[in-house]
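These protein sequence lines are chains G and W, in that order. When you line the first sequence up against the numbering used here, it's residues 478 to 633, in that order. When you line the second sequence up against the numbering used here, it's residues 2 to 178, in that order.
Calculated directly from the structure, the hints in this document are not laboratory data. All figures in this text were calculated on a predicted structure; none of them were measured in a lab. Hints are not guaranteed to be accurate.
Label pairs and their calculated CB-CB ranges [claimed, not checked]:
no., chain 1, residue 1, chain 2, residue 2, range
1, G, 493, W, 102, 37 to 47 Å
2, G, 590, W, 110, 49 to 59 Å
3, W, 129, G, 499, 37 to 47 Å
The beta carbon of each residue, even a glycine, is placed where N, CA and C say it ideally should be.
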Amino acid sequence: MCQTHATATASLVDHDARRAYDDLWRRTLSRISGDLNRLVCLASMRDYNSGRYQHAGLESSFGFAAATQALEVAHREVFWQLAQASLEQLVQELELYVHHSGESPEALLATWRSLQPYRIALPLSVDPLAAHLLLSNLKLGLEVLHSRRCPQVPRR
Amino acid sequence: MTLLFLACLIALLLGLVLLRLLPSHVSSPDIEHTAFSEAHPGFIAEAVFSPRDWLFIQQQSSPALNSLFIHERRALAIHWLRDCLAAIHSVRANHLRQSRHSRDLSVLAEARLLILFFYFSALCRCLLVAVRFVQPSVPRATALYIQKLAGRVLPSPQSPTALSHFPIREVSRERLG
Numbered sequence: 478m479c480q481t482h483a484t485a486t487a488s489l490v491d492h493d494a495r496r497a498y499d500d501l502w503r504r505t506l507s508r509i510s511g512d513l514n515r516l517v518c519l520a521s522m523r524d525y526n527s528g529r530y531q532h533a534g535l536e537s538s539f540g541f542a543a544a545t546q547a548l549e550v551a552h553r554e555v556f557w558q559l560a561q562a563s564l565e566q567l568v569q570e571l572e573l574y575v576h577h578s579g580e581s582p583e584a585l586l587a588t589w590r591s592l593q594p595y596r597i598a599l600p601l602s603v604d605p606l607a608a609h610l611l612l613s614n615l616k617l618g619l620e621v622l623h624s625r626r627c628p629q630v631p632r633r
Numbered sequence: 002m003t004l005l006f007l008a009c010l011i012a013l014l015l016g017l018v019l020l021r022l023l024p025s026h027v028s029s030p031d032i033e034h035t036a037f038s039e040a041h042p043g044f045i046a047e048a049v050f051s052p053r054d055w056l057f058i059q060q061q062s063s064p065a066l067n068s069l070f071i072h073e074r075r076a077l078a079i080h081w082l083r084d085c086l087a088a089i090h091s092v093r094a095n096h097l098r099q100s101r102h103s104r105d106l107s108v109l110a111e112a113r114l115l116i117l118f119f120y121f122s123a124l125c126r127c128l129l130v131a132v133r134f135v136q137p138s139v140p141r142a143t144a145l146y147i148q149k150l151a152g153r154v155l156p157s158p159q160s161p162t163a164l165s166h167f168p169i170r171e172v173s174r175e176r177l178g
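Using the sequences plus the hints, can you model the full thing?
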């Protein structure tokens with residue numbers, strides 16, 4: 478078991494929150510391939526306006542507070558995994574994301590490069606410098622994928 | 002450019018001599034543990050000045066990608082160095098404020114601390130200039146040295162279970178199993 482996971486689990490002092498976290502990984506996150514896919518999945522469970530996580534299944538089984546805590550910790554854990562990844566690993570993550578999205582790679586790359594939707598996939602209250610690093614690497618990774626498909630001048 | 006590197010090298014050597022004179026850890030009770038170490042996990046400098054990422058980008062054989070990478074890494078390096086400077090200034094301000102009320106000040110220890118703060122600050126400023134002119138991985142050794150120095154001057158809090166203390170080394174990408 479990786480150290481990030483161990484640290485994340487240790488941060489969950491509440492018994493229900495820990496059970497909710499394990500359940501979240503077992504039933505949902507472990508079935509998703511790639512940390513970027515997991516990050517986007519976790520971010521999609523968060524309300525755009527309030528920033529609160531919403532997961533009906535977890536809430537009904539473990540309660541609102543435990544479910545929220547579990548989702549928050551998992552989100553931060555996945556974020557740190559990606560922030561620590563090398564650029565090459567991140568490009569692989571992006572390739573995996575493109576592959577699993579079901580969209581045409583060209584359309585997805587065009588959207589991601591122009592709208593940068595990955596910016597809202599980050600957890601709240603993470604270290605701004607680590608967030609900057611990940612966003613910068615994602616931007617570079619997208620340009621790498623784009624340049625492999627059609628070599629052009631990347632955007633700044 | 003050569004002069005700049007020479008200045009950095011001299012500063013580095015001076016710092017090493019200075020650090021030998023200092024105790025192994027600046028553990029003055031006056032110095033508050035700041036959020037610096039929490040906010041700046043060790044992998045940041047390693048990642049920003051990573052030769053591996055630079056090599057990967059170069060392998061793409063795209064001049065435009067190279068220049069974008071340099072632009073992005075430069076911005077990150079400046080962000081990191083400015084945060085370092087802000088943290089050391091904050092620690093120094095706290096220390097000065099608290100030392101006014103202290104009755105058992107050692108002049109020698111205070112002088113050494115002051116030199117260390119100035120040295121750290123000067124090193125960050127030198128690197129701030131250098132990163133504007135050189136490739137991202139060139140000043141890596143100095144950046145890692147600054148990070149090491151930061152860990153010494155700004156000790157990390159003792160709570161290993163804090164959420165912000167996720168490990169700094171790369172970990173297995175397979176979470177389960």
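Hints, verified against the model:
1. Taken as a hint, the range 37 to 47 Å holds for the pair residue 493(G) and residue 102(W), whose Cβ atoms sit roughly 46 Å apart.
2. The hinted range of 49 to 59 Å is satisfied by residue 590(G) and residue 110(W), whose Cβ atoms lie roughly 54 Å apart.
3. Remark: the range hint 37 to 47 Å for residue 129(W) to residue 499(G) is upheld by a beta-carbon distance near 45 Å.
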